[in-house]
Amino acid sequence: MNLHFNSRILCRCLPALGGLLVVSALFTAEASAQVYVQTHNLPQQTGATVASLEYSHAEVSEDLKNYRFNQAEGVARIGHLGVFAESEIRGEWNTGTLALAGFQDTLTINAAGLTGMTGYFTARMRVSGVLLGDASYNGTIYTGYVETKFSALLGGNGSYYTNLSGDYRRNFEGDGFATSGDLPGLMEVEISFIFGTPFLLEGQLKVDTYAQGTLNVANVWALSRAEFGHTAYVEGIDEIFTEDDEAVSGFTITSLSGADYIEGFENAAIPEPATGSALAGAVALMAVLVRRRR
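The sequence shown runs -33 to -1, 1 to 261 under mature numbering (1 follows the signal peptide of the UniProt record, and there is no 0).
Hints are not guaranteed to be accurate.
[Stated by the list, open to error] In silico SDA-like links for lysine to any residue, alpha-carbon gap of 25 Å or less:
#, residue 1, residue 2
1, Lys32, Glu59
2, Lys32, Ile108
3, Lys32, Gly14
4, Lys32, Gly125
5, Lys32, Leu99
6, Lys32, Asp101
7, Lys32, Gly83
8, Lys32, Gly80
9, Lys32, Thr110
Bear in mind the hints are in silico, worked out from the structure with no lab data behind them.
Remember, it's a predicted structure, so these values are computed and weren't measured experimentally.
Work the whole structure out from these sequences, hints included.
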């Protein structure tokens, strides 16, 4: 079991490392307005203001004893992100999926008579979603292993960042983790800036799912799902302060993307990915048929 677990960790670290390298490259850019999306191990999709990507895949052995299914979806626009991932197995297989979405924008804050002075504000991103996990149980132990992870990041101007994360597991112990849970949260980070000088603001949302079956155990099933579709958005910036904690009135915020950060993005429309819908439906039907054969 240890060898199996170690190989799983290695396989899952490779795409995650690639994602971190891409994100690191984006965060070091001096002036940018773009969004990016990655699902499973597919190439990253980028765009000026909107990007979306879907992934869906199923493998079924000839005798239907082993079944592996993954799907992932990521949608991103400036200030508004969504991700969804699911992994399911039946039998001795193991599988995992990743979905990541993020944005990066360059902002400039101006106010009369304050050019060149230091100020600060609180950036806020509202996040909500659900982590789910379930596995077969033979009366003594869980014969499937499930791990579902979530993380979010918000920050800017080089060094001001905050993180929100969650990790749910259904393990091989009889008293395994709770199988589901909500993860709402308000992310807040105080960002310093210089009036009249451009600075970066960026956010990211990521989920990982993993399902594994126990070797040489009959009727094994495991399902891992993370649902954070279109549920992360940046709230409006309604207060700006000088470094002396004095409120600033009449300030303006311009962005390289043209997005309105004073208004915020809670009600901003976000595109629904259309590609792959037929495939997803077919795979869902296959999953139903497989479950009926159990």
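Here's how the hints hold up against the structure:
Between Lys32 and Glu59 the alpha-carbon distance is near 9 Å, which keeps this suggested pair within the 25 Å criterion. Simply put, Lys32 and Ile108 have alpha-carbon atoms about 21 Å apart, close enough for the 25 Å limit, and the pair holds. For the proposed pair Lys32 and Gly14, the alpha carbon gap of about 42 Å is over 25 Å, so the pair is violated. Pair hint Lys32 plus Gly125 does not hold up; C-alpha atoms about 51 Å apart against a cutoff of 25 Å.
Under the criterion of a C-alpha separation no larger than 25 Å, the hint pairing Lys32 with Leu99 is consistent with the structure, at around 24 Å. As the CA atoms of Lys32 and Asp101 are separated by approximately 19 Å, the hinted pair is consistent with the 25 Å bound. Simply put, Lys32 and Gly83 have alpha-carbon atoms about 67 Å apart, too far for the 25 Å limit, and the pair is violated. Under the criterion of a C-alpha separation no larger than 25 Å, the hint pairing Lys32 with Gly80 is inconsistent with the structure, at around 72 Å.
With a CA separation close to 15 Å, the supplied pair Lys32 and Thr110 stays within the 25 Å bound.
In summary, the structure is inconsistent with hints 3, 4, 7, 8 from the numbered list given earlier, while agreeing with the others.
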